[in-house]
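Trainee: Chain by chain, the residues:
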Amino acid sequence: NAGVTQTPKFQVLKTGQSMTLQCAQDMNHNSMYWYRQDPGMGLRLIYYSASEGTTDKGEVPNGYNVSRLNKREFSLRLESAAPSQTSVYFCASSEDSGSTVSYNEQFFGPGTRLTVL
Amino acid sequence: QQQVKQSPQSLIVQKGGISIINCAYENTAFDYFPWYQQFPGKGPALLIAIRPDVSEKKEGRFTISFNKSAKQFSLHIMDSQPGDSATYFCAAPHRDFGNEKLTFGTGTRLTIIP
Numbered sequence: 001n002a003g004v005t006q007t008p009k010f011q012v013l014k015t016g017q018s019m020t021l022q023c024a025q026d027m028n029h030n031s032m033y034w035y036r037q038d039p040g041m042g043l044r045l046i047y048y049s050a051s052e053g054t055t056d057k058g059e060v061p062n063g064y065n066v067s068r069l070n071k072r073e074f075s076l077r078l079e080s081a082a083p084s085q086t087s088v089y090f091c092a093s094s095e096d097s098g099s100t101v102s103y104n105e106q107f108f109g110p111g112t113r114l115t116v117l
Numbered sequence: 001q002q003q004v005k006q007s008p009q010s011l012i013v014q015k016g017g018i019s020i021i022n023c024a025y026e027n028t029a030f031d032y033f034p035w036y037q038q039f040p041g042k043g044p045a046l047l048i049a050i051r052p053d054v055s056e057k058k059e060g061r062f063t064i065s066f067n068k069s070a071k072q073f074s075l076h077i078m079d080s081q082p083g084d085s086a087t088y089f090c091a092a093p094h095r096d097f098g099n100e101k102l103t104f105g106t107g108t109r110l111t112i113i114p
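Respectively, the protein sequence lines represent chains A and B.
Per this note's numbering, the very first residue in the first sequence carries number 1; after that it's consecutive.
Per this note's numbering, the very first residue in the second sequence carries number 1; after that it's consecutive.
Where hints are given, some of them may not hold.
[As the list claims (entries may be wrong)] Listed below are the simulated EDC-like cross-link pairs for lysine to aspartate or glutamate, each with C-alpha atoms no more than 20 Å apart in a straight line:
1) B:Lys-42 to A:Asp-38
2) B:Lys-42 to B:Asp-84
3) B:Lys-58 to A:Glu-105
4) A:Lys-9 to A:Asp-26
I should point out that these hints are in silico values taken from the structure, not numbers from a laboratory.
Between the sequences and the hints, there should be enough to build the whole structure, so can you do that?
Mentor: This is the structure we're talking about:
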């Protein structure tokens, strides 16, 4: 099992450019998440998907859109990149459905390091 | 917005010493407090978690202590080793429009020196 995979690993964009970060998991998990990690800010939730076909905003959704393409894949799109979106982006998945009380582990991908100039 | 306050931001401990990281939360959907460990260039991974009805959870050299009345929980690493050098995140669950999600602390960069 590959677990959670993310592409690309690194990306440099110019302000105003768009791009899509890809994420896939092979653990048959229901829930998937996108986080950003910035120095001193910890991990902040951008969007999540409790199950296939549903998505919801997290703590910092502005400037992003997501698509839960199927149970395996969850993509994050930056329509018009800004320097404030320079960050490391992590995708994660967990077995539970986000609408139920659960104690399930979140499995993280290796991250995408994005720089916006 | 739910907050989880984590301290210290960075910590240097001598090999063989005890590393202690603290977290405080405002409210929580239920009593489940995980700690994630992240090595440079990698994604975070679950290290240890404490579930309801217990005030302490121990796994090897790692112990979580939970004080419900104070809304605080902490990670203790006994006999700290250079291989423990990593960033540690605490987390607490909260409920948002019926969905449970984790809120993470800001992280502690731990360095174990020989």
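Trainee: If a hint holds in the structure, say so; if it does not, say that too.
Mentor: For each hint, the structure was consulted:
1. B:Lys-42 to A:Asp-38: holds, 14 Å
2. B:Lys-42 to B:Asp-84: holds, 14 Å
3. B:Lys-58 to A:Glu-105: holds, 17 Å
4. A:Lys-9 to A:Asp-26: Status holds; Cα separation ~19 Å.
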